[in-house]
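S.K.: Protein chains in written order, with full-length UniProt numbering: chain V, 1 to 470; chain U, 1 to 470; chain W, 1 to 470.
Please keep in mind that the hints were generated in silico from the structure rather than gathered at the bench. Hints are not guaranteed to be accurate.
Where chains are identical, the list cannot tell them apart; a pair therefore holds if satisfied intra-copy or between any two copies.
Restricting the straight-line Cα-Cα distance to at most 27 Å, the calculated cross-link-like pairs of lysine-lysine (DSSO-like) are [claimed, not checked]: (1) Lys166 to Lys189; (2) Lys8 to Lys267; (3) Lys326 to Lys189; (4) Lys267 to Lys421; (5) Lys166 to Lys421; (6) Lys326 to Lys374; (7) Lys166 to Lys194; (8) Lys189 to Lys374; (9) Lys326 to Lys194.
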Amino acid sequence: MVSTFHRKQFTIFAIFFQVLFLILFAVFGQYSSNAMPGGSNSANFVNTNYPPFQDVHSMTLVGMGFIMVFLRRYGLAALSMNLLLTSHAIQWALIVRGFFSSEFATGGRFAISILDLITADFAAITVLITMGAVLGKLTPVQYMVMSAIEVPVAVTVEHLILRYLKVIDIGRSMLVHCFGAYFGLGVAKVINRKEMTAHQHEGTSYNSSIFTMIGTLFLWAFFPSFNSALAIPEDSRHRAILNTYLALCTSTIFTFLISQLLDRERKYRFSMTHVSNSVLAGGVAIGTVANIILDPFYALLIGCLGALVSVLGNNYVRPFGARVLKLHDTRGVGSIHGLPGILAGILGFIFTAVYEPTRYGTGNGTSIFPAMDKGDEGREIFVQAGYQLAALAIVLLVSIVAGAVTGLVLRLNCFNQIHDKEFYSDGEFIEPPEDYDFTTRIISKIDHIELTEHTALNKESMPSVGPSNP
Amino acid sequence: MVSTFHRKQFTIFAIFFQVLFLILFAVFGQYSSNAMPGGSNSANFVNTNYPPFQDVHSMTLVGMGFIMVFLRRYGLAALSMNLLLTSHAIQWALIVRGFFSSEFATGGRFAISILDLITADFAAITVLITMGAVLGKLTPVQYMVMSAIEVPVAVTVEHLILRYLKVIDIGRSMLVHCFGAYFGLGVAKVINRKEMTAHQHEGTSYNSSIFTMIGTLFLWAFFPSFNSALAIPEDSRHRAILNTYLALCTSTIFTFLISQLLDRERKYRFSMTHVSNSVLAGGVAIGTVANIILDPFYALLIGCLGALVSVLGNNYVRPFGARVLKLHDTRGVGSIHGLPGILAGILGFIFTAVYEPTRYGTGNGTSIFPAMDKGDEGREIFVQAGYQLAALAIVLLVSIVAGAVTGLVLRLNCFNQIHDKEFYSDGEFIEPPEDYDFTTRIISKIDHIELTEHTALNKESMPSVGPSNP
Amino acid sequence: MVSTFHRKQFTIFAIFFQVLFLILFAVFGQYSSNAMPGGSNSANFVNTNYPPFQDVHSMTLVGMGFIMVFLRRYGLAALSMNLLLTSHAIQWALIVRGFFSSEFATGGRFAISILDLITADFAAITVLITMGAVLGKLTPVQYMVMSAIEVPVAVTVEHLILRYLKVIDIGRSMLVHCFGAYFGLGVAKVINRKEMTAHQHEGTSYNSSIFTMIGTLFLWAFFPSFNSALAIPEDSRHRAILNTYLALCTSTIFTFLISQLLDRERKYRFSMTHVSNSVLAGGVAIGTVANIILDPFYALLIGCLGALVSVLGNNYVRPFGARVLKLHDTRGVGSIHGLPGILAGILGFIFTAVYEPTRYGTGNGTSIFPAMDKGDEGREIFVQAGYQLAALAIVLLVSIVAGAVTGLVLRLNCFNQIHDKEFYSDGEFIEPPEDYDFTTRIISKIDHIELTEHTALNKESMPSVGPSNP
């Protein structure tokens with residue numbers, strides 16, 4: 001009996017979740033009036049919101065997908081799990097967020113429009129960031145259960161922070177990047193086994209490093225859309241675009257700058273781990289305040305800071321976590337999304353504390369800090385700044401605790417676990433191509449083993465390949 | 001003489017087609033008034049139609065291009081032929097469709113706008129789907145001749161069905177996916193040779209599987225744009241976007257669900273063939289009715305059905321076709337585009353039969369089924385439903401017959417044929433890189449041949465590579 | 001002392017440039033009124049200009065990035081340097097262009113909007129084209145210094161030509177493609193060393209050829225956006241889109257046509273160098289006049305011409321340059337961007353000379369050739385045509401001279417130089433993955449060396465691999 005349950009686990013969970021989603025959509029779901037016949041003024045709605053959605057959606061799929069192909073033996077799994085979790089998290093996020101919506105409160109049904117697709121993609125990205133911390137360590141079922149727990153927690157925290165605390169986080173640096181990363185670290189800490197560290201299958205290959213760059217370049221190119229997708233009115237969106245674009249430029253320069261300083265062999269070379277990840281830190285760091293900053297200089301400065309915390313975090317905090325806290329973070333999401341996300345939260349506090357309402361005009365101040373509006377709470381600036389810090393604290397606390405609890409759930413015996421030898425490898429749940437072992441495992445050994453036998457044959461064209469064997 | 005003709009075949013045909021196209025454009029082509037100086041109201045036209053065109057265009061090039069890189073020895077050819085056929089089919093489609101246009105009927109010249117680029121890209125995708133069935137089996141000249149025959153047939157069928165039968169097919173699931181697939185199967189059946197089956201060059205490699213996912217993710221990300229690009233008014237476009245997005249989520253979950261159930265070795269693993277192809281079946285299945293469905297639940301359900309027919313088709317129908325009908329379908333377009341396309345046609349019939357005009361408002365009903373409008377034919381609902389089924393039958397019949405005839409043409413002695421040994425391989429018509437043979441052919445053998453000789457050297461780090469040889 | 005300077009060169013230059021940029025932005029930079037609170041009419045501004053910007057930005061990063069991955073040992077460096085130079089050139093271009101702006105002249109500060117991001121990306125693409133000529137031959141510091149010199153020269157030439165000479169170049173074929181290419185050839189000529197030619201590390205691999213196609217397909221798909229991004233009013237943008245799209249179709253067909261005619265082994269095969277590069281020549285060739293042409297026929301014809309000069313240039317002019325002028329052009333930018341760019345300039349002259357103002361309406365003529373407006377200079381047609389030719393001459397002259405001067409600067413002893421053995425190889429400044437040497441260097445030798453020893457073991461499945469060794 002147990003054996004059948006274990007063998008058919010994916011079947012059972014996939015059917016359970018999908019049937020649940022179908023029932024909930026059937027009972028509670030409907031389309032927004034904007035998408036229904038006779039929907040008014042919708043031309044401008046689609047023209048305005050579809051292009052940013054499309055960009056965010058490309059980031060979710062191509063960006064977050066390919067950036068996780070860096071493991072040489074886990075590329076097919078990374079891309080497959082990206083699709084599976086995206087499809088799972090999107091549906092679940094639409095439902096959970098729907099339950100918090102005013103349409104549901106008043107009419108008993110929630111409504112879906114393009115804007116909800118954007119926020120559903122945000123939830124999917126949150127889950128995918130979390131997946132980065134445990135990449136290669138969980139079965140598909142465990143990933144799905146993780147998503148099933150994380151999405152409602154993330155959406156609840158978002159609802160609490162944006163609706164009740166009336167905190168700003170336009171690019172979701174706290175709610176997506178920070179939450180996803182620390183939730184992931186919470187899971188990673190609890191499920192940790194010593195075999196996960198220094199595993200023979202963990203590592204990149206030349207081609208996997210290039211594939212990763214597809215993801216990096218997509219995320220870089222479309223980050224301005226991510227941070228601006230939900231900004232209104234249009235001057236706010238325009239600023240979010242410009243600020244993110246500039247912050248990415250400086251975080252890229254600073255990533256290269258710091259990366260070569262940290263080369264352990266003192267050859268001042270760049271590390272592809274830094275290049276393919278930390279160049280994006282500027283986009284994360286500026287996310288919370290992307291529509292507030294009115295000066296290009298601050299955007300550029302924030303980009304520098306983002307890269308600084310990301311590269312240093314990757315170089316010092318991450319090994320410290322691995323050594324002292326027994327915290328193995330496969331993709332390094334702690335330093336790619338986590339630390340820049342905390343920085344974003346702190347910047348949210350600082351830029352709120354120095355907020356000058358007069359620069360934002362009388363009418364517009366309300367669209368940035370709605371709670372400061374006289375018609376709302378008429379909140380003071382320093383109170384709002386306090387709320388910003390409180391929001392960051394809540395995100396950190398809830399994400400770590402919820403992640404740890406999720407980790408405990410995933411360790412339950414009822415779930416299949418990845419075998420020690422098969423961490424970071426596709427083969428456990430994907431039918432591998434013929435050349436799988438060769439391309440992903442032996443290719444990095446062969447030049448040291450095989451070719452040394454024969455280098456004499458062709459010495460001049462293959463210099464210095466392993467110890468020569470005359 | 002014959003020999004020169006055969007050797008210079010590509011030169012002759014490429015010049016012939018391009019000169020023909022140039023003459024026809026010179027005599028009959030012009031730009032739409034919207035693109036001419038003083039064009040009225042065009043700002044909204046470009047803002048509304050260019051982003052969806054750009055998405056569709058990316059699907060044509062990057063999506064359809066990379067999804068065909070799955071063959072380990074045919075990646076460069078797949079991408080090259082994708083470019084060649086796209087450029088060929090686009091021009092030809094603009095011309096042929098132009099001849100059917102009202103501008104041509106009245107003024108003797110046809111007009112081109114961004115909307116025509118979208119439909120030209122649809123024609124190109126039709127040809128590229130067809131190409132999938134015969135991938136690796138034809139010469140560039142044969143591909144071009146195939147495109148030259150297919151495009152006018154496809155455009156004529158489209159004209160007949162949309163203009164005269166007044167059938168709906170907003171995402172072109174019948175006219176692009178179904179037509180392209182069965183046309184391809186028609187060609188594949190006629191040109192079949194037994195050497196095409198179980199050919200040593202057919203197969204994937206680890207990297208080719210990852211490259212394929214670039215195509216998959218692009219098609220997934222932009223499918224909502226494909227199904228909604230031609231939908232008007234904007235509430236219709238909005239619905240088409242939402243429905244397609246949701247259908248893709250469930251077809252992805254169901255693809256994973258069914259794929260692992262069908263693992264022949266009973267290890268419940270996913271097949272990359274399913275993952276990289278059938279996840280898209282939801283987008284195809286919902287195409288015909290993407291702007292009709294008013295409830296998210298139906299979109300989700302259709303996604304499940306799409307994946308079901310696609311994965312089962314790939315697993316049972318495709319091998320049956322290969323064994324019984326001697327029908328070799330390289331990329332499996334029959335189950336990726338064909339069966340979901342038939343499903344889309346049937347869903348068109350069903351959703352028309354249960355159509356409730358009152359839900360679509362008085363004015364809007366006409367934009368969905370123009371023939372039901374009192375000012376038009378005032379067609380009854382069940383009559384329209386019948387027309388929908390008739391359209392599906394016409395598409396199937398014409399595509400199969402025209403494909404078979406095309407196959408007969410391609411078998412003519414005047415065309416060079418691919419040598420038996422060179423099926424599914426770039427080398428016949430592309431100058432291969434130095435490492436071509438190694439990367440694409442030997443790499444999958446080497447671990448069994450070479451390394452067994454030396455595994456003893458490094459036993460602990462390379463376990464279980466072929467039979468050990470102590 | 002010198003030694004420290006040399007070792008810490010990247011640190012010093014990266015800090016110098018970034019601090020300089022930060023200071024200049026702090027003192028002189030601000031956002032456009034459109035992006036400031038209360039910015040008027042901005043909804044339409046963002047909706048109109050953000051999608052084309054996003055397309056251009058994808059071309060800069062993904063397109064120009066991946067098209068340079070063709071070198072089998074320089075893929076990681078090509079992608080990294082693309083990010084570094086883009087981030088460097090964008091900031092610098094925003095600043096330099098800002099100093100030429102009217103806002104700076106009147107208010108002492110320059111303003112940034114999405115339109116400036118587009119032109120900044122154009123400057124980045126100019127630098128990336130230049131980088132193509134010297135790909136694999138410079139250190140990161142030298143690339144940055146090159147960018148630091150090239151950007152202000154390019155922006156100054158642009159300002160001179162567009163503002164003072166009032167010349168048209170809507171798709172920047174002269175100012176981006178031609179300028180970037182000949183600047184690069186100027187640099188390449190001066191820094192040339194004989195070891196750069198026929199270097200053992202120069203060459204493609206199977207996977208690097210496929211990666212390159214990612215770039216090609218992106219540039220192909222988004223080229224219409226590039227040529228139309230700055231065209232106003234909307235009918236002008238619409239035409240630029242249509243013309244570019246059509247020109248790419250014919251340049252693709254003609255690239256295939258000519259490529260197989262030039263196969264040195266007379267096997268009529270396509271060369272991936274041609275396919276991955278010259279298919280884009282139509283987009284370059286039509287760039288200058290993309291919004292002028294009113295007939296599809298001319299667009300198609302220009303595409304044919306573009307491919308003709310590009311493929312022939314690559315086949316005859318490039319080897320001539322290498323042999324006679326000692327001019328090694330790694331990516332062949334002379335024939336990919338240079339010659340089609342010159343063609344574009346000449347076409348600008350021709351289409352201006354045959355310009356019929358009446359076809360463009362009274363009001364609109366001025367948006368195409370502002371200087372012909374009675375309210376401006378009231379310039380005659382043939383005078384404008386002369387200015388077009390003069391602009392081409394200026395671009396060629398300045399780019400070659402400035403490139404050569406830059407080359408002299410880069411040869412200064414104070415800059416580290418790439419070692420002879422390490423041209424075209426990542427390893428000099430990127431920490432390589434474990435399999436770097438195997439994947440990029442030995443893989444192309446192994447089938448000729450290793451496997452010949454053992455082919456007897458498995459004869460039937462691996463026919464004709466090198467000389468058999470019974």
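S.K.: What hints, given by number in increasing order, does this structure fail?
M.R.: Violated hints (numbers, rising): 1, 5, 6, 7, 8; every other hint is consistent with the structure.
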